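A.B. asks: As a plain string of letters, each chain reads:
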Amino acid sequence: MNDPAYKSALEYARDNDSLASTERLPLRGEEPVEHGYLLFMPLYLKGSPRDTLQSRRKNLEGFVIGLFSITEIVQRALNSINLQEIDVHIYDETASGEKRILYQSHYDNARERPPDDEESSILKKMHASELIDVGGRSWRILFYPTQKYFVLHENRQARGFLILGLVFTSIMVTYLLVTIGKTTYVENLINKRTSELESEISNHKLTENALQESESNFRNIFNNAQVGLFRSRKNDGKIITANTRFVQIFNYDNQKEVIYSFSLPNGFVNKEEYNNMLNELVGAGETKNFEAQLYKKDGATVWTRLWARLYPDKDYIEGVIIDITEEKEMAKEYQLLQSQLLQSQKLESFGRLAGGIAHDFNNLLTGIIGYSELLLNELPKDQNAWKRVKTIEEIGRRAGDLTRQLLAFSRKQILDIRVMNLNSVVRNMSKLLSRVIGEDIVLTLKIDNATSNINADLSQMEQVLMNLVINARYAMPKGGKLTIETQDVMFDEDYLQSHKGSKVGAYVSLSISDTGEGMTQDVKERIFEPFFTTKELGKGTGLGLSTVFGIVKQHNGYIWVDSDIGEGTTFNVYFPATQNAVRLAPKRSQMKMERGDEVILVVDDESYIRDFVYDTLAPLGYEVHTASNSDEAFKIFGELNERLDIILADIVLKGINGQELAGQIKKRQPDVKVVFMTGYSGEVIDKHGVLKSGIELIMKPLTPGILASKIREVLVDEKDITRRKPPNDA
Amino acid sequence: MEEVDKECSAKNNSSIVDESFLGRFLSVILTIFIGVLLSAALFIIMQSWEERRLRDDFSQKATIYTSILRRGISRNQGLLRSLGAFKSSCCEISEGKTKEFAGEFKDFTSCSFSCHTEVKMLGWVVRVRDPARELYAEIARNAAHPDFMITERTADGELVRAGKRDEYFPVFFMEPLRGMKNFQGLIL
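Residue numbers (the numbering used here), protein chains in the order written: chain P, 1 to 730; chain X, 1 to 188.
It is worth saying that the hints were derived from the structure and are not from the lab.
Predicted model, so just to flag it, every value in this text is computed and none were measured.
Note that beta-carbon positions come from the ideal geometry of N, C-alpha and C, so glycine has one too.
Among the hints, erroneous ones may be present.
To be verified - Residues from chain P that keep clear of chain X, each with C-beta distances beyond 12 Å, as calculated:
1. T52
2. Y274
3. L278
4. P380
5. I417
6. V436
7. D440
8. Q463
9. K478
10. G518
11. K524
12. F531
13. G655
14. P670
Claimed, not checked - Partial pick of chain P residues on the chain X-facing surface, computed with a CB cut under 7 Å:
15. L39
16. M41
17. I65
18. E72
19. Q157
Only chain P is shown next, with the shape it has when bound in the complex (with noise of 0.2 Å):
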């Protein structure tokens, strides 16, 4: 054991009997230097014992060498694992100096790495050291990753992430930026589209009121209408809509309970009337005009008009209904009316023809009745002459009798008003109208007491009273009952309403009741004119209810007939009442053929009438000048300057009449009377039938007794009251 190198291994092997290992040694010199190291094991005699050191230092043969390259070693190990990024050191930790070095890689050539030096942190981190025994030597063996290891092994899934990450989050703030810019847009968008919705939600609002007040107005206007609007649905003809006045037609509480409750089919009372307007409906789109009667919510009914038009598109009526009730009413009253107006101009077309019948009537009958009246007392009684003028003077009477009743038709009689009761006329005449009926004829009275009295005309009341006496005896040929009642009424607007024409007031009633045969309607609408009769041929005059008619209506009363065929007939006349106490009607002086001196202007158109009062008068004493017309009763009148003490003159003249000639000599000579003649006293009465006021009269026709007594009563009268000149001053 010499070298110092081998002498410490080849001593440790013998002494531990086991592998020792030198430091390194050199193999090769120049670059790249390698380096090895030689392994002792040592060799014991055969046999000998060496669990000792001395034994085993004795019994030492020898040692079994190898030499090893490290290098190649680990090389060798190098190739078995892949550690290229790897940096590998080998330090012999038992040696020291540079003989430590065994082995160095330097992939990473820019870099040494002593081992205990400056290391980064990660590389200090990185790095491995294992320890293995070599023949009793420390080998330790470092591991440092290059650059390169670092490099392939880049964190790089790390960085991802991070990257990965920061461009999400870069992904999330532009979406959020753009999701903002777009939310800033689209506020921006909403605050304009706001304001311009601010805008025209008050354009809207303005027009909303506007519509709002237009269609406030439109409905004043349509529920003020003051006629009914409504809307109606053209399969059922239930009414969707109406309107105020709709309603007020129809009587119904409210709008809802029309829609509810009214429908047109069943508010015709005539159901073919709406069909027919339906059809008219659907045929032409429109119904103008038309009326129907609708059933109101009482079940009463109301006449209407409808105007309505039919939309097919929107399957609904739509119309305008007015309340044609009072129209109808009126049409039917104006009918009423128109009727009574023709009744009554026909009528009074009678009464003109009676009057001119009356007037040329009643003066041929003044010549007639006047001369046979004259020849009477001329003739002696017992001639046959005398008993046939006697005839020819009951005649004209009778004739005479005509011409009244023409008149008292006519209501142009001369009526002697005074206040009376009709109790009165009744009972005075109950005997003569009981001889009038028959015996087969019950007469009852049923007469108020208490009943009023009345403005009449004593002689007309009988007249009226005898003619519908008589009327219904006729009606009652084979017996019966008669019924006279009177009785106070008042007409109240409810039988104003009913009985049309009349006024309201206190009135007298006159009903006189049969139990005849009655009357048919034509019959009832034709009693009362002049001529008509039911009676046969000859057995009336026809003037009998036309006289009644006539007198009544002159006495502002009231006529009305109550008939049915075979419930009997009932006249109900009215007179109107007074409070005024019945007053007497003085006696008529008793017609004297009296005789005078005055002087006499007779003006006649009809030269039998001139001679008639002429023969009549002169021969009393007056001096009588006649006249044909009223010129040449002025030529008279001036010759008699004005020594005329009475003008009798016809009221009918031709020219001037009567009342003018008498109105101008009176203003020449303001004390002449005047008496007028007149078969028709139209021109001298007033409506009520009473003779006008300063004049005297004398109705045709004449007899001389009415004509003596009415000019000696006219000039009596004046003489006592003004002149009270005798008679024979003249």
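Here the structure of chain P is known, so what remains is to put chain X in place on it, guided by the hints.
C.D. replies: Then chain X, alone, in the frame of chain P:
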């Protein structure tokens, strides 16, 4: 009145806009903050995980390598033990049998050189007591190396006949000789 309403409305709108603006950008800021925070946290976690994995991988590689290296060294040691066992099984050194032994030694090691390139030399060092120095030298020369001599290296590195000692440990046999001839007879 209407103007006051409009102003109020404008103020309200402005306030709404400001709040909305802050709200919106707060969400952006929060998104950025949370996004960066999460990204950084994820990055750190991932990096930590990566480092740990890298470290583990590195340690594993180092361990494996060390194991391989240890196995290689062990194999070499085993080779040496096999050679020792071979020597022990052979006869003792004698003049007649040493040559035969030299031949067998050569055969034994030649296989090792071909299989293990890191083995540069195998040899047998004999404990030679000084009296038997020449005997062993003679045996060596007779067996395989005619010019065998027990040598030592001077301080200058020159090989010279070894000086007298009580015992010598010369390399008696060695393979391969080529390039290693200086070791033949060199006392260690």
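A.B. asks: Tell me, in ascending order, the numbers of any earlier hints that this structure violates.
C.D. replies: none
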